[in-house]
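**Q** Sequence:
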Amino acid sequence: MKHPLESLLTAGGILLMALLSCLLLPAPSFGLALAQKLVALFHLMDLNQLYTLVFCLWFILLGAIEFFVLRFIWRRWFSLAA
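Here the working numbering = 1-based position in the sequence shown + 144.
No wet-lab data here; the hints were simulated from the structure.
Don't take each hint at face value.
[Claimed, not checked] Each pair of labels, with its calculated beta carbon distance range:
id: 1; residue 1: Pro-148; residue 2: Lys-181; range: 51 to 57 Å
id: 2; residue 1: Leu-188; residue 2: Glu-150; range: 21 to 27 Å
id: 3; residue 1: Arg-219; residue 2: His-187; range: 40 to 46 Å
id: 4; residue 1: Thr-154; residue 2: Ala-177; range: 30 to 36 Å
Every residue gets a Cβ at the ideal spot worked out from N, C-alpha and C, and that includes glycine.
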């Protein structure tokens, strides 16, 4: 049986974890030489474009991990099923 507030709490938990990720977990930062090599490798315009892609991928990855962790915790300890 599905808990009546599961979808609301899941969405709220994901948003809370995303906020904590943005505040507490720094995105990867490259040295200048490596960053310029990646810009050339991926044919990007400048470092701003590289870091925009890095930040997007970083927070998508963190969001996916947090979603599965929260879902596991919710189903493991807060499930109504006996």
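**Q** A separate judgement is required for each hint: does it hold in the structure or not?
**A** Structure-based check of all given hints:
Hint check: Pro-148 to Lys-181, Cβ distance near 52 Å, so the stated range 51 to 57 Å holds. For Leu-188 and Glu-150, the hinted distance range of 21 to 27 Å is not satisfied, since their beta carbons lie about 41 Å from each other. Between Arg-219 and His-187 the beta carbon distance is about 44 Å. The supplied range of 40 to 46 Å therefore holds. Checked against the given bound of 30 to 36 Å, the beta carbons of Thr-154 and Ala-177, roughly 42 Å apart, lie outside it.
Checked against the numbered hints above, the structure violates hints 2 and 4; every other hint is satisfied.
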